[in-house]
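If you want the building blocks of each chain, they are given just below.
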Amino acid sequence: DGGITQSPKYLFRKEGQNVTLSCEQNLNHDAMYWYRQDPGQGLRLIYYSQIVNDFQKGDIAEGYSVSREKKESFPLTVTSAQKNPTAFYLCASSGTGDSPLHFGNGTRLTVT
Amino acid sequence: KQEVTQIPAALSVPEGENLVLNCSFTDSAIYNLQWFRQDPGKGLTSLLLIQSSQREQTSGRLNASLDKSSGRSTLYIAASQPGDSATYLCAVRGGADGLTFGKGTHLIIQP
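Top to bottom, those sequences are chains C and X. Position 28 of the first sequence, counted from 1, bears residue number 28 in the working numbering, the numbering being contiguous throughout. Position 1 of the second sequence, counted from 1, bears residue number 1 in the working numbering, the numbering being contiguous throughout.
Only chain X is shown next, with the shape it has when bound in the complex (with noise of 0.2 Å):
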C-alpha cells in the first residue's frame, strides 16, 4: 500500500528566502505526482502536476521535481512571500482510484 510522508511538518522561515519541501512515497509504481496547496478552510488548488516520465514542472517561483526510482519529489519555492503561507500537500497517483496523499507542510512565511 502505497505512502507518502512529507517532511518537515511545519516551517516558518523569514520573507525572501528559497526553501524546500520534501515528500517520499514508497511505491515507484506512480503515474504522476501533484503538489497542492490549501488555504485554511478552504479546497485544494493544484500547483504542479509531474508526470511519471518527467523530472521537474516549474510554474513561476516555484520549481517541482521527482526522483521515481528513489520515491522522492521536492518542491522548491524561490523568494518566499508572506502570501505563500499555507499547507502544501504532496499526492502520488498510482491507478484508479485516485490520489494517495501526504499529511502535509504547514508554511509560515514571517512579514
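Looking at chain C on its own, in the form it has when it is part of the complex (with noise of 0.2 Å):
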C-alpha cells in the first residue's frame, strides 16, 4: 500500500539535545511538507520541499532543519534553538499543481 510512514510515534528527548523526526514517502511524490501542531491550534507549516536537494522555509522555520537527498525522504531535525519544541509533527506529500495532500499518522515529540 502506498502511504506516509512517520516514526517514531512517540519520541522523548532532555532540553538541548537535537531530535529528528523521520518520514518516508512511497507515493512517487515530488512535494513533502513538515507541519506542527499545537493545543487547539491549527496547522503550521515549518518546512517544505518541491524537488530532491531543495527546501524552502515555511511560517516557523526557526529552530528546525530539513534536509532532502532522496525523493522518498524528508526527515526534520528539532534543534536545541527551538524554544517550545514539545508538539505534534506531521508530514504531508503531494503531486505538482493542484494534487491534494496527503498525511502521516504523525510525531508526537516531548522535550522535558
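Hint data in this document are derived by calculation from the structure and do not stem from the laboratory. Note that this is a predicted model, so its numbers are computed, not measured. Treat the hints with care, as some may be off.
[As the list claims (entries may be wrong)] Across the chosen pairs, the derived CB separations fall in these ranges:
hint: 1; chain 1: X; residue 1: 76; chain 2: C; residue 2: 96; range: 27 to 33 Å
hint: 2; chain 1: C; residue 1: 77; chain 2: X; residue 2: 14; range: 44 to 50 Å
hint: 3; chain 1: C; residue 1: 98; chain 2: X; residue 2: 83; range: 37 to 43 Å
Where a beta carbon is used, it is the ideal one built from N, C-alpha and C, also for glycine.
Starting from two chains that each stand alone, build the complex the way the hints lay out.
Quick look at the structure:
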C-alpha cells in the first residue's frame, strides 16, 4: 500500500538535545511538507520541499532543519535552538500543482 | 497572507441531526480546498477535495461546497452518528507551499 510513514510515534528528549523525526513516502510524490500542531491551534508549516536537494522555509522554520537527499525521504531535525519543541509533528506529501496533500500519522515529541 | 477561519470552534449535537460546518478564507486565489478529519492523537484523514473550478463534492453522507469568490466553504454532514465525533479541519492550497489550515471545529455527536 502506498502511503506516508512517520517514525517514531512518540519521542521523548531532554532539553538541549537535537532530535530527528523521520518521514518516508512511497507515493512517488515530488513535494513534501512538515507541519507542527499545538493544542487548539491549526497546523503551521515548518519547511517544504518541491524537489530533491531543494527546500524552503515555512512560517515557523526557526530552530528546525531539514534535508531532501532522496525523493522518498524528508527528515526533520528539531534543534536545541527551538524554544518550545514539544508538539505534534505531521509530515505530508503531494504531487505537483493542484494535487491533494496526503498526511502521515504524526510524531508526538515531548521535551523535558 | 492567507487566513482561514472555521466557525464554530466547537459543536455538540444529538445523533441523527444534519449539521453544517463553516470555513472562510481571505484570499480567493486558491488551487483547491480540502476538508480533513482528525481523531484525538491521530494524523489527518482527507474527507473531500474541491478544486477551484468546482462548486461541490460529495462522499457518502458528506457534502462540501465552495464559493471561491466569497471565500467560503461549508461541510454538510447528514444524519450524524457518534462515530462522526472528531475535529474537522478546513485547508486551502494557494501555491507550492502546501496548505493553510483553519483551527478546526471540534464536533461531538451525542448518542
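Comparing the hints with the structure gives:
no.: 1; hint: X:76 to C:96: 27 to 33 Å; verdict: 30 Å, holds
no.: 2; hint: C:77 to X:14: 44 to 50 Å; verdict: 47 Å, holds
no.: 3; hint: C:98 to X:83: 37 to 43 Å; verdict: 31 Å, violated
When each numbered hint is compared with the structure, a violation occurs for hint 3 only.
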